[in-house]
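K.L.:
Here are the chains, one letter per residue:
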Amino acid sequence: MKRQVELKNHQREIYYFRLRLAVSVGFALLLLMTLLLRFMYLQVIRHGHYQTLAESNRISIVPIVPNRGLILDRNGVVLAHNFSGYTLEITPSKLLDLDATIDALSGLVQITAKDRKRFKKLLVESHDFESLMIRNRLSDEEVARFAAQQYRFPGVEIKARLFRDYPDSDITSHLIGYIGRINQTDVDQLEENELAANYRGSDYIGKTGLEQSYETELHGTTGVEQVEVDSAGRAVRILSRTPPISGNTLVLSIDAKLQEIAEQAFGKYRGALIAIDPNNGEILAFISKPGYDPSLFVDGIDPQSWDELNNSPDVPLNNRALRGQYPPGSTIKPFMALAGLNYKIRSPSYTISDPGYFTLPGSTHQYRDWKKGGHGSVDMFKAIVVSCDTYFYGLATELGIDNIFEFLSRFGFGKKTGIDLEGETSGLLPSQDWKMKRYKQKWYAGDTVSVGIGQGYNLVTPMQLAYATATLANNGVSFRPHLVREVRSARSNENKLISVQPGKLNIDPAQLDLIKRAMVAVTQPGGTAAQAAAGAPYQIAGKTGTAQVVAMKQGESYNADKIDERHRDHAWFISFAPAEQPRLALVVLVENGGHGGSTAAPIARKVFDYYLLGIIPKPLADEADNGDSQHD
Amino acid sequence: MIRRQLWRRLIAHIDPVLMSGVGLLLLTSLLVLYSASDGNWLRVLSQGTNILVALVFMWIVANLPLHYLIRTALPIYLLGMLLLVGVALFGEISHGARRWLDIGVITIQPSELMKIGVPLMMAWYFEKHEATLTLKNYFIATLLLLVPVVLIARQPDLGTALLILASGFYVLFLAGLSWRVMGVLLAAAIASAPVLWSMLHDYQQHRILMLLDPTQDALGKGYHTIQGMIAVGSGGIFGKGFLNGTQTHLDFLPERTTDFIFAVYAEEFGFIGSFLLLSLYLFVIARGLIITANASTYFTRLMSGSITLTFTTYAFVNMGMVSGILPVVGVPLPLISYGGTSMLTLMVGIGMLMCIETHKKLVKT
Numbered sequence: 000m001k002r003q004v005e006l007k008n009h010q011r012e013i014y015y016f017r018l019r020l021a022v023s024v025g026f027a028l029l030l031l032m033t034l035l036l037r038f039m040y041l042q043v044i045r046h047g048h049y050q051t052l053a054e055s056n057r058i059s060i061v062p063i064v065p066n067r068g069l070i071l072d073r074n075g076v077v078l079a080h081n082f083s084g085y086t087l088e089i090t091p092s093k094l095l096d097l098d099a100t101i102d103a104l105s106g107l108v109q110i111t112a113k114d115r116k117r118f119k120k121l122l123v124e125s126h127d128f129e130s131l132m133i134r135n136r137l138s139d140e141e142v143a144r145f146a147a148q149q150y151r152f153p154g155v156e157i158k159a160r161l162f163r164d165y166p167d168s169d170i171t172s173h174l175i176g177y178i179g180r181i182n183q184t185d186v187d188q189l190e191e192n193e194l195a196a197n198y199r200g201s202d203y204i205g206k207t208g209l210e211q212s213y214e215t216e217l218h219g220t221t222g223v224e225q226v227e228v229d230s231a232g233r234a235v236r237i238l239s240r241t242p243p244i245s246g247n248t249l250v251l252s253i254d255a256k257l258q259e260i261a262e263q264a265f266g267k268y269r270g271a272l273i274a275i276d277p278n279n280g281e282i283l284a285f286i287s288k289p290g291y292d293p294s295l296f297v298d299g300i301d302p303q304s305w306d307e308l309n310n311s312p313d314v315p316l317n318n319r320a321l322r323g324q325y326p327p328g329s330t331i332k333p334f335m336a337l338a339g340l341n342y343k344i345r346s347p348s349y350t351i352s353d354p355g356y357f358t359l360p361g362s363t364h365q366y367r368d369w370k371k372g373g374h375g376s377v378d379m380f381k382a383i384v385v386s387c388d389t390y391f392y393g394l395a396t397e398l399g400i401d402n403i404f405e406f407l408s409r410f411g412f413g414k415k416t417g418i419d420l421e422g423e424t425s426g427l428l429p430s431q432d433w434k435m436k437r438y439k440q441k442w443y444a445g446d447t448v449s450v451g452i453g454q455g456y457n458l459v460t461p462m463q464l465a466y467a468t469a470t471l472a473n474n475g476v477s478f479r480p481h482l483v484r485e486v487r488s489a490r491s492n493e494n495k496l497i498s499v500q501p502g503k504l505n506i507d508p509a510q511l512d513l514i515k516r517a518m519v520a521v522t523q524p525g526g527t528a529a530q531a532a533a534g535a536p537y538q539i540a541g542k543t544g545t546a547q548v549v550a551m552k553q554g555e556s557y558n559a560d561k562i563d564e565r566h567r568d569h570a571w572f573i574s575f576a577p578a579e580q581p582r583l584a585l586v587v588l589v590e591n592g593g594h595g596g597s598t599a600a601p602i603a604r605k606v607f608d609y610y611l612l613g614i615i616p617k618p619l620a621d622e623a624d625n626g627d628s629q630h631d
Numbered sequence: 000m001i002r003r004q005l006w007r008r009l010i011a012h013i014d015p016v017l018m019s020g021v022g023l024l025l026l027t028s029l030l031v032l033y034s035a036s037d038g039n040w041l042r043v044l045s046q047g048t049n050i051l052v053a054l055v056f057m058w059i060v061a062n063l064p065l066h067y068l069i070r071t072a073l074p075i076y077l078l079g080m081l082l083l084v085g086v087a088l089f090g091e092i093s094h095g096a097r098r099w100l101d102i103g104v105i106t107i108q109p110s111e112l113m114k115i116g117v118p119l120m121m122a123w124y125f126e127k128h129e130a131t132l133t134l135k136n137y138f139i140a141t142l143l144l145l146v147p148v149v150l151i152a153r154q155p156d157l158g159t160a161l162l163i164l165a166s167g168f169y170v171l172f173l174a175g176l177s178w179r180v181m182g183v184l185l186a187a188a189i190a191s192a193p194v195l196w197s198m199l200h201d202y203q204q205h206r207i208l209m210l211l212d213p214t215q216d217a218l219g220k221g222y223h224t225i226q227g228m229i230a231v232g233s234g235g236i237f238g239k240g241f242l243n244g245t246q247t248h249l250d251f252l253p254e255r256t257t258d259f260i261f262a263v264y265a266e267e268f269g270f271i272g273s274f275l276l277l278s279l280y281l282f283v284i285a286r287g288l289i290i291t292a293n294a295s296t297y298f299t300r301l302m303s304g305s306i307t308l309t310f311t312t313y314a315f316v317n318m319g320m321v322s323g324i325l326p327v328v329g330v331p332l333p334l335i336s337y338g339g340t341s342m343l344t345l346m347v348g349i350g351m352l353m354c355i356e357t358h359k360k361l362v363k364t
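As given, the protein sequences belong to chains A and B, one line each in that order.
Each residue of the first sequence is one higher than the last, beginning at 0 in numbering that gives the first Met the number 0.
Each residue of the second sequence is one higher than the last, beginning at 0 in numbering that gives the first Met the number 0.
By construction, these hints were calculated from the structure, which means they are not laboratory data.
Check before you lean on any hint, since a few could be wrong.
One-sided and incomplete, this derived list gives chain B residues near chain A with beta-carbon spacing under 8 angstroms [unchecked claim]:
#, residue
1, A265
2, F274
3, R300
If you anchor each label on the Cβ, the simulated ranges turn out as follows [unchecked claim]:
#, chain 1, residue 1, chain 2, residue 2, range
4, B, L142, A, Q10, 27 to 33 angstroms
5, A, E54, B, L142, 51 to 57 angstroms
6, B, V183, A, T51, 44 to 50 angstroms
7, A, A21, B, V183, 19 to 25 angstroms
8, A, E54, B, I189, 40 to 46 angstroms
9, B, S278, A, T241, 42 to 48 angstroms
Keep in mind the model is a prediction, meaning the values are calculated, not measured.
Beta carbons are placed, not taken as given, at the ideal position from N, Cα and C, and that holds for glycine.
Sequences and hints are given; from them, build the entire structure.
P.N.:
Written out as structure tokens, the structure reads:
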């Protein structure tokens with residue numbers, strides 16, 4: 000009996016156990032099924048996703064930065080090029096004590112306070128994991144010394160890099176500009192223009208001048224290397240390679256020698272000079288004095304140098320030729336005279352009797368001529384030659400601001416010339432509308448009077464005046480001024496010659512002829528620029544001008560000696576030569592130079608002498624000093 | 000003639016079905032290891048030695064008479080407990096955990112011994128009280144389980160502790176612990192979860208948190224999981240081919256010869272390979288469960304069931320962690336991952352299954 004119970008128990012036990020075992024089988028199957036579904040999900044359904052992740056793990060796209068294009072002058076003189084050199088670079092994130100490391104490094108390699116400051120600035124602007132330059136252009140000896148001690152400096156390495164160099168930077172800084180490290184603003188702009196991909200790996204971008212304006216030509220196309228890497232980022236092998244395409248070479252219309260001579264002709268003066276071939280708009284010389292050292296900017300300028308440049312009273316960073324806005328002074332007179340002929344307000348023979356001042360009808364206010372007592376009997380020709388203010392006061396008044404605005408607009412005043420440099424300013428050609436907008440005032444007849452001699456509201460840039468002068472020289476046929484003649488492709492001979500379409504102003508040749516003859520007379524005995532042109536075997540057509548820096552009160556007279564140097568008048572000289580068949584149009588501005596005839600015109604003479612005759616002037620240290628009494 | 004007899008004696012206690020499944024897994028181990036170690040023959044050779052040693056132990060265990068097996072339960076358990084206490088007091092610290100005990104010539108990891116020792120002890124205890132099982136017995140068995148588990152968890156080795164907890168639970172389950180009690184235990188476990196959480200070490204908490212979103216710390220703690228998932232997923236249906244796994248050979252996979260070896264396999268052999276491997280595991284597990292069903296005594300039923308389910312759990316936890324559905328807990332892939340200790344433990348378990356299967360007739364008569 001008892002045995003039976005035990006047997007029954009045993010069977011029940013087996014039954015329960017089998018039940019539990021069945022649950023276990025279900026459990027085991029559930030686990031394996033879960034895995035199977037998971038594998039199905041990962042390996043079949045999401046395979047594409049993980050495949051991509053595995054590939055991006057494996058393949059690293061390494062950009063190959065192209066060589067930046069060269070910049071040459073019209074004769075092949077190199078103005079910007081690249082050279083390879085060594086830099087000492089630090090990756091801050093790999094270092095424990097940055098300052099201690101730099102101190103230790105300075106024992107091996109010369110590290111100046113400027114280098115340190117520049118590095119600090121870079122540090123602020125960049126990410127810690129980036130490799131940042133502490134020194135550039137290491138000497139071979141320094142490279143060797145560091146290489147021997149490199150084991151002491153994990154996170155510090157020597158890199159071979161291409162540097163940008165500007166051999167003639169002292170005379171071309173405002174023209175060529177410079178490249179600098181790509182900053183956040185540049186990145187944003189590149190992204191906006193969808194160029195960011197081509198700049199992967201690039202550290203530098205054109206910041207000013209031609210380097211900036213022709214950035215897309217100069218940069219080139221970035222190459223790509225697909226590299227298989229391991230988890231530590233080490234390259235295992237190259238999968239594919241698309242070589243970079245070097246940037247295009249820019250051939251400028253600039254003549255480096257002419258540029259140099261023009262620059263030296265300024266001596267100690269500040270100012271601007273632009274030389275244009277009036278027959279095609281090519282700029283042969285482009286000067287803004289003083290210049291600066293562009294290499295300071297390439298790797299980030301140190302704060303001290305920046306302060307020096309930025310706070311200098313000479314404003315060396317200001318591109319005067321392109322952005323400086325000055326009253327045109329008497330240089331506007333030939334254009335004003337042309338307007339008078341054009342609108343038939345004046346005939347060539349119309350003659351005034353100049354008492355030395357001008358008054359508006361119904362007013363007693365005297366607009367004075369520069370010459371006390373006046374020039375006597377003055378027709379248009381003489382008015383230009385002696386720069387008679389009274390004549391032009393009356394002419395402008397009768398023309399009216401609307402006609403002046405319309406006619407001077409044709410010569411490009413008040414508008415950007417469209418030169419292939421960024422940052423041009425547009426000067427100011429006043430009009431009734433402008434005054435209403437700017438001052439909420441109507442235009443008064445008195446406003447027009449001083450516009451007639453270029454001393455009113457109007458402002459011009461040297462570039463604008465050069466464009467207008469070239470257009471005048473070329474008988475009213477205009478060319479957009481430009482600095483680049485040719486873009487040479489690095490790849491094949493896909494060279495691109497830059498030519499500019501002429502624009503026609505439709506000005507009566509007889510009227511032009513009168514003005515040009517008068518401008519020639521300006522440089523002849525009796526004219527305001529006679530001395531500067533004396534003895535030239537070619538004829539110069541020109542016009543002097545002075546731009547007031549400080550306005551004078553009624554009845555006050557100008558005395559250069561009593562005025563602070565920086566408040567003295569700016570001297571202008573616009574010209575072209577040879578007068579009958581112009582090959583060069585020139586604008587010279589000498590800041591605080593006083594009289595156009597005595598400071599600006601001699602500079603022009605030297606430029607013409609070299610360009611037309613090949614005469615290289617003797618070193619000119621203090622020649623541009625004023626000393627003769629020739630007036631405006 | 001003599002040679003044939005000798006052979007017969009040699010394989011008398013080897014279950015051919017189980018052996019074929021296990022053998023295939025072991026061959027797979029050598030194959031995958033060759034790829035995972037970037038063709039390092041020394042590594043493969045070393046694993047071959049591990050396998051040979053483990054096979055010898057399996058053979059010995061398979062040939063033990065059943066009552067010997069039962070008799071080893073108490074000594075093994077007590078030795079294990081002694082060593083665990085020893086580790087807690089004098090253990091070697093390695094990777095921030097106190098798991099190894101240096102006893103002169105060799106260092107041993109007592110928790111590995113307890114993987115066998117705990118279910119063995121519990122099965123022995125239930126066998127002893129088979130006729131008069133009450134709730135009290137289950138309670139005592141549970142204590143036999145929990146004491147070593149807590150000691151191991153405090154080493155800290157949470158993964159091993161949980162796996163031993165699982166193997167002990169399987170014994171309790173197969174021994175017929177009532178569903179109601181299991182329900183109460185489960186409720187208690189859930190209720191105590193916050194307390195347990197606060198007892199976990201920082202790195203253990205991180206590992207669990209990471210499971211919820213491994214991408215949060217892709218280069219840090221989530222790296223293992225993410226790279227494992229990428230390896231498995233990028234394998235696709237057919238795999239990248241033997242020796243062609245990029246995750247493996249470009250060093251993106253961590254621990255690829257040990258805990259993450261499945262990722263190497265799945266990357267190179269794809270979904271088809273994964274399916275075949277799962278099938279192979281299913282084959283071994285199925286054989287283990289059949290052996291359990293046929294087992295003749297209470298002890299052997301509990302023991303073989305626990306071994307088989309634990310084996311299943313190891314496989315699931317490892318592949319689950321590599322494929323990103325379980326936290327990274329440091330469990331090797333059974334019979335495939337490189338390593339002598341785990342290989343030995345598993346093969347001793349397999350040996351026990353064979354012992355149980357081949358000795359049952361003797362017991363019945």
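K.L.:
Indicate, hint by hint, whether the structure satisfies it.
P.N.:
Hint check:
1. A265: holds, 7 angstroms
2. F274: holds, 7 angstroms
3. R300: Check passed: Cβ of B:R300 comes within 6 angstroms of chain A, closer than 8 angstroms.
4. B:L142 x A:Q10: 27 to 33 angstroms: holds, 31 angstroms
5. A:E54 x B:L142: 51 to 57 angstroms: 54 angstroms Cβ-Cβ, so the 51 to 57 angstroms window holds.
6. B:V183 x A:T51: 44 to 50 angstroms: holds, 49 angstroms
7. A:A21 x B:V183: 19 to 25 angstroms: holds, 23 angstroms
8. A:E54 x B:I189: 40 to 46 angstroms: holds, 43 angstroms
9. B:S278 x A:T241: 42 to 48 angstroms: Holds - the Cβ-Cβ distance for B:S278 and A:T241, about 46 angstroms, lies within 42 to 48 angstroms.
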